[in-house]
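> So you can see what is in the structure, the chains are spelled out below.
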Amino acid sequence: MGQRLIYLDNNATTPTDPRVVEAMIPFFYDNPGNAASRNHPFGWAAEQAVDTARKQIADLVNVDEREIIFTSGATESDNLAIKGVFEMYQRKGNHIITAKTEHKAVLDACGKIEKMGGKVTYLNVDRQGRISLEDLENAITDKTVLVSIMWANNETGVIQDMKGIGDICAKHGVLFMSDATQAVGKIPVDPKAVGVHLMAFTSHKMYGPKGVGALFVNRKNPRVKVTSQMDGGGHERGMRSGTLNVPGIVGFGKAAEIAKAEMAQDAERLSKLRDKLQSALTGMLEEAYVNGDQDNRMPHVTNISFKHVEGEGLMMTFNQNIAVSSGSACTSASLEPSYVLVALGLGDDLAHSSLRFSLGRFTTEEDIDETIAKVAEGVNHMRDLSPIWEMYKEGIDIDAIEWSEH
Amino acid sequence: MAYSEKLLDHFKNPRNVGTLDKGSNNVGTGLVGAPECGDVMRLQIEVDPITKKITEAKFKTFGCGSAIASSSLATEWLKGKTVDEALAIDNMAIVEELALPPVKIHCSVLAEDAIKGAIKDYQTKNGVQTAESIAASH
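Sequences listed follow chains A and B, in order. Just so we're aligned, residue 4 is where the first sequence starts under this note's numbering, counting upward by one. Just so we're aligned, residue -2 is where the second sequence starts under this note's numbering, counting upward by one.
Hints are computed from structural coordinates only; laboratory data are not their basis. Hints are not guaranteed to be accurate.
[What the hints assert, rightly or not] If you want the footprint, here are the derived chain B segments under chain A, 3+ residues with CB under 8 Å: (1) 20 to 31; (2) 34 to 41; (3) 48 to 59.
Virtual Cβ for every residue (Gly too), placed ideally from N, Cα, C.
The shape of chain A in the complex, shown without the other chains:
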């Protein structure tokens, strides 16, 4: 078709920055060593490269490099933190607290904990997508070993009150783990400043390569330990065995270095473009609603429901050249709409009608202008086709209709 492709799905994954790719290349052929080979120059070069990357990543989140454990990605880090803490602190208790809007990697790891005999409390969120600190404190018991609350939500970009949660955890002597996958590299993230003891994050959401992630594990006050979930050669201080992905880690390190230097300017530019997109769409189109807390939100994300239009159908009007994602059921095999949006109290119909726009470092103003035009055109087209839009326009109360459920 020869159309310019526009990528606004950076919360799914980001393109690898060309500077990152360039940094990785020597570690495929020229420097092929295993970082655990201690007896030759190849191994030394690999080990040094990993050390440098570990420092770059630690610097980005203001922790000690010895507190960074490399993994294959945030899903593995989430699993290692939750299952690892549950096993390590069994004598202390068996209760974990999390929230309904967490990523599946956390929710499903918690589901496994329940099967293993643990107890899990899933906190509700308010209409803004944030948990109540009061609910959290009330949920803590003498058996609670871990609170796991994500830093920023993948679907809405909503940022939790990390300091507030950290203070409550500290007051009750409970470990605080956070899935910070969507936040690290995009906004300042300093786990120690807010009382986070374990933090999962990944390279490919911050312009690094896929297949490499990290778990921050606090070393002092308190000294946190996790039981390894991957056994073998005892790499990563015994917490995660397996040969290190040296090129991936080098890329992750470079991505962290770039993020530290450019995060503020990226965030400022992207929040302006995001605001332009959001105000244009909600201004031009009737019955368009922004989902989640707009005061505590990632700078590059907006999640909008276009009432009486189904999200996947809407995406089909422009997805030949514009990539976004939807909370519509039709994008998943389950036919259930986004559990995150439903947890915000949206109602299934609005959850079905949502689109998530996630901008990134390579998004241009031209991309946003074209997206505004194409999405508005798509919404109008789909509303012309929508019987419930017609009913709404005729003043019929759609909620009062007895629908034939499928």
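For chain A, the structure is supplied; the task is to place chain B on it using the hints.
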């Protein structure tokens, strides 16, 4: 998910979008699905009182691309058919024609239900005894 050319054509250039007078005796309306489920289909037929053939069919659908294409195709097939012929339209024929993937088969079921709903409405309005109403009266 890659969609078939036919499906994309019906999605981009939907046939017979619109609204018939639901108050008319010659018009039958089928409204199926629910907003909470992400699909609502409204399909309408107009039947010639003399020839008993479907002369006009219109739809509006809230749903994904497959749901819109299924209902667009259904209206195309309905025109010119008698009510009995229309009743014989099977969802699997829609699946085949549009090459719907397995997760989208429910869209074709919805289209078949909408056709049956429209016909039932027409028959009820015109006092036609359907198999169902005969059974119910016994």
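> Indicate, hint by hint, whether the structure satisfies it.
Hints versus structure:
no.	hint	verdict
1	20 to 31	holds (count 4)
2	34 to 41	holds (count 6)
3	48 to 59	holds (count 3)
The structure shown violates none of the earlier numbered hints.
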